Amino acid sequence: MSDERLRALWQVLLPGSSLFAVAIVGLLLGSYWQYVIAIALGAAVVGGALAMLVGYARCITLATGAMLAIGAYGAALPVVHLGAPFLAALIFATILGALAGLTLAIPGVRFRSHNLAMVTFVFQAVVIIVLRESKALTGGAEGIHVPPPVIFGFSFSSDAHFLLLCGILFALAMLPIAILLAGPFGKNLRAIAANENAARAFGIDVRRYLIAAFTWSSAVIAFAGAVDAPRFRIIDPDSYGLITSIFTLTYPIIGGMGSIWGGLIGGGILRLFPELLRPLADYIELVLCVLVVATLTFFPDGLASAVLMLRRRGPHKPLAEGAARRDSRITKAAPLSSATLQPNEAANRAGENPVLAIERVSRSYGALRAVDGVSLAVERGALHGLMGPNGAGKTTLFNLVSGFASPESGRVMLGGTLLDDIPIERRITLGITRTFQHAAVFQRLSCLDNVVIGLGRNTVTDGTRRSLAAALDADSSRAEREAGYAALEAVGLAQRAPDAAGALSLGDQRRLEIARAIVSRPRIVLLDEPVSGVSAEEANRLHALLLSINRELGIAMLVIEHNIGFLVSLCQSISVMSEGKIIAEGVGPAMVDDPRVRRVYFGEHETTG
Amino acid sequence: MLAEFVMNVIGGLKIGAIYSLAALGIVVIYKATRIVNFAHGAFVLAGAYATYGVVEALGAGYWPAYVLVPLATGLLAAVVEFAILRPIRRADIFALITSTIFIGIGLSEFYRLIQNTEMLGVPNPVSGRPIFLGDVIITKEQIWVFAGALLSALIGVVIFGYAPLGRGLRAVAANPRGAVLCGYSIDSMNAMAWFLGGALAGLAGVFAAPSQGVSPELAISMITAGFVAAVIGGFDSLRGALFGGFILGVAQTLAAAYISSAMANAVSFLLLFAVLMWRPEGLFPEAKIRDV
Amino acid sequence: MMLEVSNLRVGSGGRVRVDGLDLALPERGCVALLGPNGAGKTTSVEAIAGLIPKAAGSVMLDGRDITNLSASSVARRGLALVPQWRELFVSFSVEETLLAGSNAARDRTPVSTESVYDLFPRLGERRKQLAGSLSGGEQQMLAIGRALMTSPKAMLLDEPSAGLAVGIVRSFVEAVKRVRDSGVAILLVEQNLEIAAALAESCIVLAAGRVVWRGSALAATTNEEIRQAYFM
Chain A
2 MSDERLRALW QVLLPGSSLF AVAIVGLLLG SYWQYVIAIA LGAAVVGGAL AMLVGYARCI
62 TLATGAMLAI GAYGAALPVV HLGAPFLAAL IFATILGALA GLTLAIPGVR FRSHNLAMVT
122 FVFQAVVIIV LRESKALTGG AEGIHVPPPV IFGFSFSSDA HFLLLCGILF ALAMLPIAIL
182 LAGPFGKNLR AIAANENAAR AFGIDVRRYL IAAFTWSSAV IAFAGAVDAP RFRIIDPDSY
242 GLITSIFTLT YPIIGGMGSI WGGLIGGGIL RLFPELLRPL ADYIELVLCV LVVATLTFFP
302 DGLASAVLML RRRGPHKPLA EGAARRDSRI TKAAPLSSAT LQPNEAANRA GENPVLAIER
362 VSRSYGALRA VDGVSLAVER GALHGLMGPN GAGKTTLFNL VSGFASPESG RVMLGGTLLD
422 DIPIERRITL GITRTFQHAA VFQRLSCLDN VVIGLGRNTV TDGTRRSLAA ALDADSSRAE
482 REAGYAALEA VGLAQRAPDA AGALSLGDQR RLEIARAIVS RPRIVLLDEP VSGVSAEEAN
542 RLHALLLSIN RELGIAMLVI EHNIGFLVSL CQSISVMSEG KIIAEGVGPA MVDDPRVRRV
602 YFGEHETTG
Chain B
3 MLAEFVMNVI GGLKIGAIYS LAALGIVVIY KATRIVNFAH GAFVLAGAYA TYGVVEALGA
63 GYWPAYVLVP LATGLLAAVV EFAILRPIRR ADIFALITST IFIGIGLSEF YRLIQNTEML
123 GVPNPVSGRP IFLGDVIITK EQIWVFAGAL LSALIGVVIF GYAPLGRGLR AVAANPRGAV
183 LCGYSIDSMN AMAWFLGGAL AGLAGVFAAP SQGVSPELAI SMITAGFVAA VIGGFDSLRG
243 ALFGGFILGV AQTLAAAYIS SAMANAVSFL LLFAVLMWRP EGLFPEAKIR DV
Chain C
60 MMLEVSNLRV GSGGRVRVDG LDLALPERGC VALLGPNGAG KTTSVEAIAG LIPKAAGSVM
120 LDGRDITNLS ASSVARRGLA LVPQWRELFV SFSVEETLLA GSNAARDRTP VSTESVYDLF
180 PRLGERRKQL AGSLSGGEQQ MLAIGRALMT SPKAMLLDEP SAGLAVGIVR SFVEAVKRVR
240 DSGVAILLVE QNLEIAAALA ESCIVLAAGR VVWRGSALAA TTNEEIRQAY FM
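Chains as they are written, first to last, in my numbering: chain A, 2 to 610; chain B, 3 to 294; chain C, 60 to 291.
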């Protein structure tokens with residue numbers, strides 16, 4: 002097995018295996034420790050699940066207690082009332098948890114931040130109320146007694162047996178989470194947390210991803226609740242209340258938001274605090290609150306991440322073989338026509354000229370007519386500029402074309418396909434990408450990851466499938482990574498591939514955006530002020546870069562810029578907008594002498610002198 | 003029958019007035035600083051504890067309480083904003099919201115540690131024979147709490163809407179850059195908003211203490227009720243928060259009287275959910291896709 | 060000199076956006092700051108007003124150093140900025156907007172709202188109207204009015220004619236003249252050379268963050284070099 006494959010498998014198996022290993026170690030200790038460690042393992046699993054939802058996707062959930070309860074009761078009730086076998090009940094409880102997550106998320110992910118927190122809060126409260134009131138079924142507020150798990154006739158009633166069972170089951174539970182978080186699914190979640198608009202522009206359906214994250218994590222949390230319940234002997238609704246939900250949040254926050262380990266270690270250790278620090282039991286909760294607030298203030302990525310960050314500065318992540326060779330040759334941007342970034346014949350076929358046709362499009366915001374009957378066409382492979390004073394409507398036009406706003410009248414055609422009803426997330430598959438006015442890279446992801454997202458294979462199904470494939474076969478993502486490297490190389494950033502995008506200078510971030518926008522070989526890229534805020538030399542380099550991309554890959558570009566010299570020398574044709582309308586259209590340097598253009602920039606000749 | 007109904011409504015109005023006051027504080031803070039203060043219930047609790055301190059421990063009686071307690075809780079809130087939230091402001095919204103959650107829990111824990119286990123009590127501020135209107139019995143305490151809380155809330159609304167201080171808070175909320183050009187310091191206004199919000203919470207605590215008791219559970223019940231009331235009222239509106247509080251109070255009391263106490267509990271959440279689902283435009287707007 | 064800016068630099072390292080800007084604004088004077096989009100005009104003005112940090116240089120208002128003051132302090136000292144996007148309060152009425160502006164004058168001699176209504180009668184007719192429902196021209200007047208309420212010694216006007224209909228521009232120019240004549244020094248950022256010439260005695264042309272030309276406003280309008288500078 003190659004080094005790569007081993008590493009990928011290891012990354013995915015390690016979290017679960019370490020839980021199992023801890024369980025084995027615990028078997029060597031006394032009965033009290035076995036009890037305590039079993040509890041801690043359960044909390045570690047919850048922490049790992051929350052790493053997905055809270056750490057990666059940065060959602061605030063106050064429903065963890067309810068999910069634990071659903072798992073606990075979901076497994077206990079069939080056993081107690083129906084005599085069901087433990088494993089069957091466990092599966093049932095997990096499915097119930099998944100359904101609960103789905104039920105919560107489908108209406109909930111309409112919202113973000115505090116609204117989402119409140120929806121989870123409602124869910125939490127209602128579940129507990131229902132459990133408390135359904136006396137006949139659940140025993141109400143007094144709770145019910147849960148017998149030890151019985152599997153194939155064997156009763157896991159002793160501490161040691163139970164710990165072993167926990168070790169095995171929890172190792173299994175971590176598997177799906179580890180697979181998803183290590184692969185593109187996890188990266189896409191982090192992209193969502195970093196910049197939702199950019200994520201959507203590259204094919205990531207935010208709502209579906211969040212629903213998936215809720216579903217997976219709720220299922221795993223319910224699983225943990227179901228496994229732990231027999232240990233507690235008696236379960237009652239109030240042990241799964243709001244306070245539980247709030248304190249499970251401490252696992253990923255203090256443990257570390259950036260990785261599954263943060264949640265695991267955070268959960269394991271923080272759950273042990275009350276046990277280990279018996280004399281301070283009363284103060285534990287207060288100390289935890291202080292710790293959380295301190296962590297959020299000083300280490301927004303959690304303590305474990307602060308430690309891991311130091312580790313990451315060491316040897317870079319291993320490069321693919323081919324890329325390593327390529328890397329050592331690079332001093333500046335290599336020629337574009339490398340094997341994996343050929344001009345897309347498919348994109349250039351069938352004429353489809355013009356590639357972008359904007360026909361009499363209008364859009365108002367209140368009384369302001371931001372775009373007023375604008376028509377514009379970009380030919381296949383052409384470079385078209387868009388300029389105009391501030392407030393002329395240029396960015397609104399971009400938003401209309403990229404799907405972030407919809408036209409009130411008129412239509413936008415991409416090579417013969419009507420764009421109007423197509424959601425933002427699907428536009429990349431049609432061959433249109435964009436950059437943003439304020440470099441919208443995914444700050445915490447590596448440059449390579451940023452560009453790979455640009456490939457656009459980012460539906461939830463794709464993300465899940467690719468993550469599974471990546472775990473089983475490290476080679477499966479080779480093609481993507483090579484395409485990513487090629488794009489980075491084309492913009493001169495190949496040596497920064499493993500670095501976090503947030504560490505780049507503004508000019509380099511703009512290059513990264515360009516790489517991300519071209520890697521999918523689109524038909525047209527919308528560039529929103531690609532050189533704003535960069536130095537003159539950098540602007541010249543970007544100018545050359547865009548020209549060569551256009552020449553060698555045949556990608557059309559529609560460019561908004563205030564730097565008129567840049568625009569005029571880059572674009573074959575230019576449209577000038579003012580007050581929502583196109584007031585002039587022409588070719589290159591002659592534009593600056595056009596009286597209409599001068600009026601827009603200099604003012605009327607007939608005003609007071 | 004009718005008398006019973008009327009008495010329930012009056013009871014609902016009384017508790018509703020307290021909810022309104024709590025919700026008002028949440029909305030003031032939100033409107034001025036765009037932070038949803040999950041610690042608000044803990045501020046109300048602080049007010050209740052302070053009331054106990056002034057009325058029982060110091061034996062100073064109620065009148066000083068109505069003045070000192072809001073000052074104290076206002077100060078507490080301003081300190082929280084200054085010392086904790088301001089540094090975190092630079093981080094993302096996740097950190098801000100989570101911090102307020104944990105500050106709230108932390109404060110409640112803190113009080114519990116100080117006070118140990120018993121529920122503390124404060125006497126009623128007014129006593130005497132109840133008023134009889136036919137079959138309807140209205141206690142003086144009900145009138146006092148209703149009128150007092152409502153009056154306090156109205157004063158809060160007036161300050162926010164018409165006083166120079168309120169103008170500054172609203173200016174900073176409407177357009178921070180524009181407010182700065184008018185000489186308003188964002189930092190000072192933020193602290194003032196939290197002071198005002200905290201003071202309103204403290205007053206809610208003073209009015210709540212006699213009938214709701216002084217214990218950490220008050221924090222959770224007040225934050226829940228405060229939120230629901232604020233959400234019902236459309237979150238971005240002070241008047242809405244007032245109405246929301248009364249609607250919630252009456253709905254809860256009627257549910258407790260005619261259905262069950264569990265239902266009363268559930269009412270707040272059901273109302274919250276219903277408003278979130280079917281009138282989301284009435285809610286505090288989240289970061290929209292504007293300047294893409 | 061009412062306002063003196065010396066050697067202003069904004070930005071550092073690879074991203075210097077303004078470098079070496081000097082300007083002097085006499086009392087009752089008007090200086091225009093011209094240049095193409097992206098030249099750094101708005102950046103300069105925002106830095107002078109304290110909205111963005113300065114890498115180097117100093118700003119003196121009426122002889123006192125305001126270089127390191129926060130933007131709200133600068134406003135309270137008497138340097139008013141009417142920004143490019145006006146930054147009004149959408150839900151405030153005209154009257155309330157003016158009162159908000161008076162906050163900056165609280166430690167000095169206040170300005171009455173009547174004097175602003177006198178200058179802009181159209182605002183006087185719309186005292187209770189919400190700022191968000193005013194026309195573009197009226198909003199511009201309100202923004203200037205709000206700045207006047209801060210009792211300024213000097214005013215920075217950033218592209219005030221942007222988006223104004225031609226008919227309004229004339230009356231607007233008259234209003235700004237009256238403000239200047241009442242003793243407020245004005246630094247006018249404009250792209251429209253004609254308007255700049257109508258109001259300012261002298262002007263400074265910025266390109267790529269540096270001063271490329273100084274002279275009288277009239278000379279600027281006829282200078283072909285300057286026109287070319289706009290399309291570098």
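Think of the hints as simulated: they come from the structure by calculation, not from any bench.
It should be emphasised that the depicted structure is a prediction, and the values quoted were computed from it without experimental measurement.
Any given hint might turn out to be false.
Pair ranges (Cβ atoms, derived) [unchecked claim]:
(1) A:366 / C:167: 48 to 56 Å
(2) A:374 / B:239: 34 to 42 Å
(3) A:507 / B:84: 43 to 51 Å
(4) C:186 / B:73: 30 to 38 Å
(5) B:66 / C:114: 48 to 56 Å
(6) B:73 / A:284: 36 to 44 Å
(7) C:144 / B:84: 26 to 34 Å
(8) B:241 / C:277: 50 to 58 Å
(9) B:241 / C:167: 30 to 38 Å
(10) C:112 / A:8: 40 to 48 Å
(11) A:366 / B:142: 53 to 61 Å
(12) C:124 / A:366: 38 to 46 Å
Idealized CB from N, CA, C, for every residue including glycine.
**Q.** Consistency of beta-carbon spacing, residue 142 (chain B) to residue 366 (chain A), with hint 53 to 61 Å
**A.** Because 55 Å falls inside the window, the suggested range holds.
Q. Okay, residue 241 (chain B) versus residue 167 (chain C) on CB: inside 30 to 38 Å?
A. 36 Å, holds
Q) Is it true that residue 124 (chain C) and residue 366 (chain A) lie within 38 to 46 Å of each other by Cβ? A) With a Cβ separation near 42 Å, residue 124 (chain C) and residue 366 (chain A) satisfy 38 to 46 Å, so the hint holds.
Q: Return holds or violated for the Cβ distance of residue 374 (chain A) and residue 239 (chain B) against the range 34 to 42 Å.
A: With Cβ atoms ~38 Å apart, the hint holds.
Q: Note whether the CB distance of residue 112 (chain C) and residue 8 (chain A) lies within 40 to 48 Å or breaks it.
A: 45 Å, holds
**Q.** Cβ distance range 43 to 51 Å for residue 507 (chain A) and residue 84 (chain B), holds or violated
**A.** At roughly 33 Å between Cβ atoms, residue 84 (chain B) and residue 507 (chain A) fall outside 43 to 51 Å, so the hint is violated.
Q: Determine whether the Cβ-Cβ distance between residue 366 (chain A) and residue 167 (chain C) falls within the hinted range of 48 to 56 Å.
A: 39 Å, violated
Q: Note whether the CB distance of residue 66 (chain B) and residue 114 (chain C) lies within 48 to 56 Å or breaks it.
A: 54 Å, holds
(Q) Verify the CB-CB distance for residue 73 (chain B) and residue 284 (chain A) against the hinted window 36 to 44 Å. (A) Between residue 73 (chain B) and residue 284 (chain A), where Cβ atoms are some 29 Å apart, the hint is violated.
Q | Whether the CB-CB distance between residue 186 (chain C) and residue 73 (chain B) falls inside 30 to 38 Å | A | Since the Cβ atoms of residue 186 (chain C) and residue 73 (chain B) sit about 37 Å apart, the hinted range of 30 to 38 Å holds.
(Q) Taking 26 to 34 Å as the stated bounds, is the beta-carbon spacing between residue 144 (chain C) and residue 84 (chain B) within them? (A) Once the Cβ atoms are compared, 30 Å apart, the range 26 to 34 Å for residue 84 (chain B) and residue 144 (chain C) holds.
Q.
Assuming the hint says 50 to 58 Å, is it satisfied by the Cβ distance from residue 241 (chain B) to residue 277 (chain C) or not?
A. 57 Å, holds
Hints 1, 3 and 6 from the earlier list are contradicted by this structure; the remaining hints agree with it.
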